[in-house]
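Just need the whole structure built from these sequences, with the hints factored in.
Protein chains in written order, with my numbering: chain U, 1112 to 1220; chain V, 26 to 140.
Note that these hints are calculated values from the structure, not bench results.
Treat the hints with care, since some could be wrong.
Unchecked claim - Mimicking SDA-like on lysine to any residue, the simulated pairs with C-alpha atoms at most 20 Å apart in a straight line are:
hint: 1; chain 1: U; residue 1: LYS1217; chain 2: V; residue 2: GLN66
hint: 2; chain 1: U; residue 1: LYS1207; chain 2: V; residue 2: LEU85
hint: 3; chain 1: U; residue 1: LYS1153; chain 2: V; residue 2: LEU137
hint: 4; chain 1: U; residue 1: LYS1153; chain 2: V; residue 2: ILE51
hint: 5; chain 1: U; residue 1: LYS1113; chain 2: V; residue 2: PHE70
hint: 6; chain 1: V; residue 1: LYS82; chain 2: U; residue 2: GLU1114
hint: 7; chain 1: U; residue 1: LYS1156; chain 2: V; residue 2: ARG34
hint: 8; chain 1: U; residue 1: LYS1113; chain 2: V; residue 2: LEU64
hint: 9; chain 1: U; residue 1: LYS1156; chain 2: V; residue 2: GLN66
hint: 10; chain 1: U; residue 1: LYS1113; chain 2: V; residue 2: LEU85
hint: 11; chain 1: U; residue 1: LYS1153; chain 2: U; residue 2: THR1212
hint: 12; chain 1: U; residue 1: LYS1153; chain 2: V; residue 2: ARG136
hint: 13; chain 1: U; residue 1: LYS1217; chain 2: U; residue 2: PRO1119
hint: 14; chain 1: U; residue 1: LYS1153; chain 2: V; residue 2: LEU71
hint: 15; chain 1: U; residue 1: LYS1207; chain 2: V; residue 2: ASN76
hint: 16; chain 1: U; residue 1: LYS1156; chain 2: V; residue 2: LEU71
hint: 17; chain 1: U; residue 1: LYS1153; chain 2: V; residue 2: SER30
hint: 18; chain 1: U; residue 1: LYS1153; chain 2: V; residue 2: ASP111
hint: 19; chain 1: U; residue 1: LYS1207; chain 2: V; residue 2: ASN55
hint: 20; chain 1: U; residue 1: LYS1207; chain 2: U; residue 2: LEU1175
hint: 21; chain 1: U; residue 1: LYS1207; chain 2: V; residue 2: GLU93
hint: 22; chain 1: U; residue 1: LYS1207; chain 2: U; residue 2: ARG1112
hint: 23; chain 1: U; residue 1: LYS1207; chain 2: V; residue 2: LEU86
hint: 24; chain 1: U; residue 1: LYS1217; chain 2: U; residue 2: ASN1133
hint: 25; chain 1: U; residue 1: LYS1156; chain 2: U; residue 2: ARG1170
hint: 26; chain 1: U; residue 1: LYS1156; chain 2: V; residue 2: HIS54
hint: 27; chain 1: U; residue 1: LYS1207; chain 2: V; residue 2: HIS54
hint: 28; chain 1: U; residue 1: LYS1113; chain 2: V; residue 2: THR63
hint: 29; chain 1: U; residue 1: LYS1156; chain 2: V; residue 2: ILE121
hint: 30; chain 1: U; residue 1: LYS1207; chain 2: V; residue 2: SER87
hint: 31; chain 1: U; residue 1: LYS1156; chain 2: V; residue 2: PRO133
hint: 32; chain 1: U; residue 1: LYS1156; chain 2: V; residue 2: GLU69
hint: 33; chain 1: V; residue 1: LYS82; chain 2: V; residue 2: SER98
hint: 34; chain 1: U; residue 1: LYS1156; chain 2: U; residue 2: GLN1174
hint: 35; chain 1: U; residue 1: LYS1153; chain 2: V; residue 2: ARG34
hint: 36; chain 1: U; residue 1: LYS1207; chain 2: V; residue 2: ILE121
hint: 37; chain 1: V; residue 1: LYS36; chain 2: V; residue 2: ASP111
What the hints assert, rightly or not - Stretch by stretch, here's where chain V covers chain U in the computed footprint (C-beta under 8 Å, at least three residues):
hint: 38; segment: 1152-1164
hint: 39; segment: 1208-1218
Cβ atoms here follow ideal geometry from the backbone N, Cα and C, with glycine treated the same way.
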Amino acid sequence: RKEVEQDPGPFNVPEGATVAFNCTYSNSASQSFFWYRQDCRKEPKLLMSVYSSGNEDGRFTAQLNRASQYISLLIRDSKLSDSATYLCVVNAGTYKYIFGTGTRLKVLA
Amino acid sequence: DTGVSQDPRHKITKRGQNVTFRCDPISEHNRLYWYRQTLGQGPEFLTYFQNEAQLEKSRLLSDRFSAERPKGSFSTLEIQRTEQGDSAMYLCASSIGAGHSYEQYFGPGTRLTVT
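Spelled out as structure tokens, the structure:
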């Protein structure tokens, strides 16, 4: 079993739709969780950290479920510019960041 | 504010040649990481520095790979006797590591093509 698993997609959604991604992790000692956005042939950019209480930033909401060991990302009112790969990242120590393979999102006009 | 920078952005080399990449982290960040990313995969951890000390190396990092961070500022990653399998994007990231600030910020990467 991979340490961090994501559905690779692609998720094809119309503009304005709401879309959600899940990411599961295997290490129960994981401490910090993040979502990154990566555009084609570019570097990952931090989208948001994921806190135990859940957090929201505009149209984006992230949730953490420690009991079931998954994190989620919800995007409301999808824009064409949201088309990208979304990487789930789990930190289980000072240097140990494990990246998922990413979920591709395509927002269609 | 300057983010993480990497140089060169692209490198094409012939098999068997040595290459060196440079990373300049965000100035107040004491933690620096190197990753390798291939198409369709997430970044894979290669090595980690805290200040000038290299504290961890992945098993992915064969003896052809070496990294340094003299004086705890910029870092270099050298690949000796390159192989076609080394073709990938090499990403550098830095973090401040204070308290619970584990957020990493990435540079634009160096895309290596070995012919």
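Hint check results:
1. U:LYS1217 to V:GLN66: The given pair, whose Cα atoms are some 18 Å apart, holds under the 20 Å limit.
2. U:LYS1207 to V:LEU85: holds (14 Å)
3. U:LYS1153 to V:LEU137: Measuring from Cα to Cα gives roughly 14 Å; hence the hint holds.
4. U:LYS1153 to V:ILE51: Measuring from Cα to Cα gives roughly 18 Å; hence the hint holds.
5. U:LYS1113 to V:PHE70: holds (15 Å)
6. V:LYS82 to U:GLU1114: holds (18 Å)
7. U:LYS1156 to V:ARG34: holds (17 Å)
8. U:LYS1113 to V:LEU64: holds (18 Å)
9. U:LYS1156 to V:GLN66: Holds - the C-alpha atoms of GLN66 (chain V) and LYS1156 (chain U) are around 16 Å apart, at most 20 Å.
10. U:LYS1113 to V:LEU85: holds (16 Å)
11. U:LYS1153 to U:THR1212: holds (15 Å)
12. U:LYS1153 to V:ARG136: Roughly 10 Å separates the two Cα atoms, so the pair holds.
13. U:LYS1217 to U:PRO1119: holds (12 Å)
14. U:LYS1153 to V:LEU71: Judged against 20 Å, a Cα distance of about 19 Å means the pair holds.
15. U:LYS1207 to V:ASN76: OK: LYS1207 (chain U) and ASN76 (chain V) at ~17 Å, within 20 Å.
16. U:LYS1156 to V:LEU71: Within the cut-off at roughly 19 Å; holds.
17. U:LYS1153 to V:SER30: holds (13 Å)
18. U:LYS1153 to V:ASP111: holds (18 Å)
19. U:LYS1207 to V:ASN55: holds (16 Å)
20. U:LYS1207 to U:LEU1175: Judged against 20 Å, a Cα distance of about 19 Å means the pair holds.
21. U:LYS1207 to V:GLU93: holds (19 Å)
22. U:LYS1207 to U:ARG1112: With a Cα-Cα distance of about 17 Å, the restraint between LYS1207 (chain U) and ARG1112 (chain U) holds, given a limit of 20 Å.
23. U:LYS1207 to V:LEU86: Given that 20 Å is the threshold and the Cα spacing comes to 15 Å, the pair holds.
24. U:LYS1217 to U:ASN1133: Within the cut-off at roughly 16 Å; holds.
25. U:LYS1156 to U:ARG1170: holds (17 Å)
26. U:LYS1156 to V:HIS54: With Cα atoms ~17 Å apart, LYS1156 (chain U) and HIS54 (chain V) stay inside 20 Å; holds.
27. U:LYS1207 to V:HIS54: The hint holds at about 17 Å.
28. U:LYS1113 to V:THR63: holds (17 Å)
29. U:LYS1156 to V:ILE121: Given that 20 Å is the threshold and the Cα spacing comes to 16 Å, the pair holds.
30. U:LYS1207 to V:SER87: Holds - the C-alpha atoms of SER87 (chain V) and LYS1207 (chain U) are around 19 Å apart, at most 20 Å.
31. U:LYS1156 to V:PRO133: holds (10 Å)
32. U:LYS1156 to V:GLU69: At roughly 16 Å apart (the allowed maximum being 20 Å), GLU69 (chain V) and LYS1156 (chain U) satisfy the hint.
33. V:LYS82 to V:SER98: Between LYS82 (chain V) and SER98 (chain V) the Cα gap is close to 18 Å, so the pair holds against 20 Å.
34. U:LYS1156 to U:GLN1174: holds (19 Å)
35. U:LYS1153 to V:ARG34: With Cα atoms ~11 Å apart, LYS1153 (chain U) and ARG34 (chain V) stay inside 20 Å; holds.
36. U:LYS1207 to V:ILE121: holds (15 Å)
37. V:LYS36 to V:ASP111: Given that 20 Å is the threshold and the Cα spacing comes to 12 Å, the pair holds.
38. 1152-1164: Answer holds; 7 residues pass the 8 Å Cβ test.
39. 1208-1218: With 6 residues close enough to chain V, the hint holds.
Checked against the numbered hints above, the structure breaks none of them.
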